[in-house]
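*Asks:* Now for the letters of each chain:
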Amino acid sequence: MGLEAYLFVSLLLFMLGLIMAAARRSLIYVLIGLELILNAANLNLVAFQRFHPGGGLDGQIGAVFVIILAAAEAAIALAIVLNVYSRFGSICPDDMHTLRD
Amino acid sequence: MPTADFFPLLLAVPLLPLGAWLLQVLFGKGLPRGGDWLSTGAMLGAFSITVALYLRAYGLGEEAEFFVWSSESEQGWKWLVSHEGMNSGLANFRAGLWYDGLTAPLLAMVAGVSFLVHLFSTGYMQGNSRYIAYFAGLSLFSFAMLAMLISDNLLFVFMFWEVMGLCSFLLIGHDSMDLKRPRPRAAAASVKAFLTTRVGDVALLLGLAIVWNGFGTLQFHELAVAVPDMIERYQGWPNWLETAGLLIFLGAVGKSAQFPLHVWLPDAMEGPTPVSAMIHAATMVAAGVYLMARSFPVLAPGVLAVIAVLGAFTAFFAATIALTQDDLKKVLAYSTISQLGYMISAIGLGSPDGALFHVFTHGLFKAGLFLGAGAVIYACNHKQDLRKLGGLRGRMPVTYVSMLLCTAAISGVPFLSGFYSKDVILAFAAQGWGGGAGMVAMLPLVLLGLAAPLTVLYMFRMFLLTFSGEPRSDHARAAKEVPLPMSLPLVLLGFGALFGAMLWFAKPYPSNAAHEVAVILASASLALGLFAALLFFQFRKLDPSQVAAALGPWSRGARSLYGVDGFLHSTIVLPVLALGRSASRFDRRIVDGAVHGIGGLAVWVGAQFRRLQSGHIQRYLYLTYAGLLILILFALWRVR
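Line by line, the protein sequences are chains S and W. According to my numbering, the stretch in the first sequence is residues 1 to 101, in order. According to my numbering, the stretch in the second sequence is residues 1 to 640, in order.
I should point out that these hints are in silico values taken from the structure, not numbers from a laboratory. Treat the hints with caution; some may be incorrect.
To give an idea of the chain S side of the interface with chain W (calculated C-beta under 8 angstroms), a few residues [to be verified]: (1) G62; (2) G89; (3) P93; (4) M96; (5) T98; (6) L99.
Glycine included, every Cβ here is placed at the ideal spot set by N, Cα and C.
Looking at chain W on its own, in the form it has when it is part of the complex:
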């Protein structure tokens, strides 16, 4: 099956955007239009290659779910080669390419969404004072995600993961250095995103170190073999392996914005809207789920239980917050956190395939939603408060239809992409993990089941407040449909939301009984959520503020984000700052003090000796006599 001619093509997928980035950084100012065509074209090229590869994989028919093309045997690169082999302490580290039934659609989706975001940005970012830097950052971001998807070992995944952290920092803070209207809040948000994910990254690195120490390899397929051997040898899961799994999961908690490290994602809305689409759909947050799916073999059952419950809790928790947000992009941000909760929970429930399936479909419709939101914001002169929008249906028909399809997909309307992927996750939740039963095993199902109707409710709330009714501000009244480079991606992503599920190879359902529970649950959630949303926001039979008042403290809690930000601020940020300040004092007083003290001592001794050099010749003469006298006395003493 593997063919040598195939790998250069695969390697070209990340190298194209990398080349575009390099050219743009070096020569961007000299290129016409700041070279946006260069990075957009490179992404189109990468996308074409991924589609060609995808079709080739699709041509395998029945085998398509299971095939693996790895460069391991033929073109793996040797790193840290030790001639003494494994026993020398420095094992051979090989890196190669990996392309299988999970990579194929994901790679095509990421490249496609990245391309559409690039295309959309050529319209959205028009006239931005740092246009070149923006496109360069976008290209590097795409490069990192694509390269991560074709890496065959966890170390490379980690490296590109870090590159993505840097790119998200640069792009979220893009507007903070805008020459016309600098936004300091964007700078704060980018720092927050960087530091929050860094917490997870440190844990991840520790986890990888433990895995490397235990197995001497970080290759996916070698780990999949080595871990069961290890368990057999230890008669169970060794503690260090459970710790490693938990640490790796912490990395994903940071990157994929799970409770309690989700706080950076809503703040990241300070970045330009296409960047949000990029972070939320194709790159960054998807990386966390991808990492968990690839490191699935090293996750112990106890760790899986933690993952399943934490993911499900995040899904529910974020959904309740999304209901209370008035900012168009913030609603979408919390919806992403909630959907990521579904994916992470799917990992914990033992279905990495299902998690990546949801990454795939979610990538399509969430990119559509964010680009749609970008179009709305663009048309309404950068107003994104839901209370100021409304009535855009007739004014922006293309955006309206695209957003409707994407909203329906995320809500799980049958036969749209989101329905299938969420169905898989709910089915696994209905099965409980590890075949276990009891209250705790059903906890993910309960939380995910509660989150499902909330998803429908907050998505349609956002949708109806934006598009239906009467415009509630002059900006909304003056809105016009966006130009072609921006509307074309919306149309394509609308199609993606419709048919995306068909493009995924593996559709791994558990037992039929669990599947039936999931379908019933999803349909009931949809009906309930849609009914409530129409009642509240379309026909206005009920006043949402009365319901909020009836819920009292809960509604207030959700509106204040349950105080997580404040809690983290007072328990972590402030102590860390205090620690930093005292460390700085220690450095200035003790460390610097010692250095300055030694220097001062030398200066003082020198000053004492300087006084001998008075310039009076006769004093020198006296000193010479004194020296002579000492010599004579010494000579006499020696003679005696």
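Just chain S, same shape as in the assembly:
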């Protein structure tokens, strides 16, 4: 399998993530969409590392950083979702439109 196959899968994941984040009716799924986007990026990093080995372990290290970042982000985002639920009684993003004129 060549590089293109990995990139294709990564693109697929990225697009799915975008659509999930924009279209799902639950904040949890929106978060999952964001995780998909991050993992699409991870896959890219690792695949490029594999097929262009000049840069040492840069790709892998980048991916590890992204995984840590994603874990931290998920912790904070879930806390926000809990707060949103206690305030609005719902986690549907359409119900949260009080930030407007």
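With the hints as your guide, set chain W onto chain S.
*Replies:* Below, chain W alone, put in the same frame as chain S:
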């Protein structure tokens, strides 16, 4: 001759009433009696100074007619100083004091009359709800007139002239804001006076601008030299100078109430009577004649002809109206217009000295007449209809004698002040202007000659209806002599009417022949007018209403003021109002419309953009994707 110590004293003359005005405006409420003693005292001080200066000038003897004291060389104030001189376009403007043989008696007369009016007002205005404002206005009025008389240039004359316009507005409308009995008609009269004189003032300002443009100076004595030079250079009077003269004259037409701008003066009778005395005798209307006398050098012969005829016409015209008026003060108002016609005509006939001489004597006896009328009105509980008066001779002896002297003076009884001054004017009229002959040159003489007996007739009509016969109302029956602060000015002004002519320095008669014509004319007028007045109103041998009926349309015309008010109303006031209304519509619809339109557009655009801010996060996300897509497409397009 000029001495430096002399000018601070001269400067104190207007500054005293100005200081009184300032103190009264600032602290009037805290002063005992509203501070009337302050302004009256200041006027007494100013009057004393003017008398001292007058005596000093009088001491010059034979020279007294010609002397000039000007602060030009010593203490002139520099205004608008330009270091590049005349060629820079901005010339040096200097202002200074001027005191000469014409100023000396006029200044003393104005200060004296103002003082007496102040004194009279302390009695007349007693209990008025705006006592302080009244005296403050009176002081400012006196200040402006006194300052104008000692100015040495036309611009300062114009400035104080405008201050006087403001003061007359305030004082004529004084009763309109009375707390007990507000009089809306006084407000209308004050607005009318202000706007009517403003018409003339605009013309005057234009005239002064033309003179300044042509000569680079507005000083009297420099103009007197510069104008003949200019005429020599142009080989005649240039058109712009004639225009300037005419415009300046228009200013005097407004201020001195000449036809057709005389309409404000009778209406100004709505003001308190001492104010009328002030306006008619010492200030305001005298200012117009004074202006013409001082700007005499810039008046071209053609302009002088217009002035002479218009003045004489006004004299005759107003005299006929005065005959038909039933209001004591209105008779006096039209008599003032008529006498001002004499003065203005004298200017046109080439005798500014004679005009100012008449201003001087007229100031004395007209102040006496108005204060006398004020006393009558005061005694009769504010009734001023001649048909309701009568029989006051025994009840108010002091007022009676004073009014008799003043009436005799204005009628031109020999050896009283009015006789001499009117004599000068008639003599110049008999001479015709510019030595010219023919029908037109004699027009002023004819009109002034006709006005003379009418003057005697309407003045004695007023006098006899007021004082002789039986009282025709309860108010007249109950009249008592006025208290001392009011009767003292009457006595003094009575003396002024008797001896006033002796106080004037210059008595410039033209040729003897013209003088003889004038004396004969004046005596004949007096005899005729007096005879008619006694026949009509003392012995009642003739019924005036029958004569009026016989004159038919003329009498009706005079009674309706010849329709001048109505004519001006329909030809000027209404179109101006219509213009104002359409301008207001233009302003509201077009100008305001444009502003509101631009504002509305901004609001509309904002409303469109506001709809993007819906608060739905996922819609923002879609928009972000769209933006991303556009960026990617743009990048691809650039790469290709």
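*Asks:* Confirm or reject each hint.
*Replies:* Right, here's what the structure says about each hint:
no.	hint	result
1	G62	22 angstroms, violated
2	G89	17 angstroms, violated
3	P93	5 angstroms, holds
4	M96	7 angstroms, holds
5	T98	6 angstroms, holds
6	L99	5 angstroms, holds
Comparing the model with each earlier hint shows violations of hints 1, 2; every other hint is respected.
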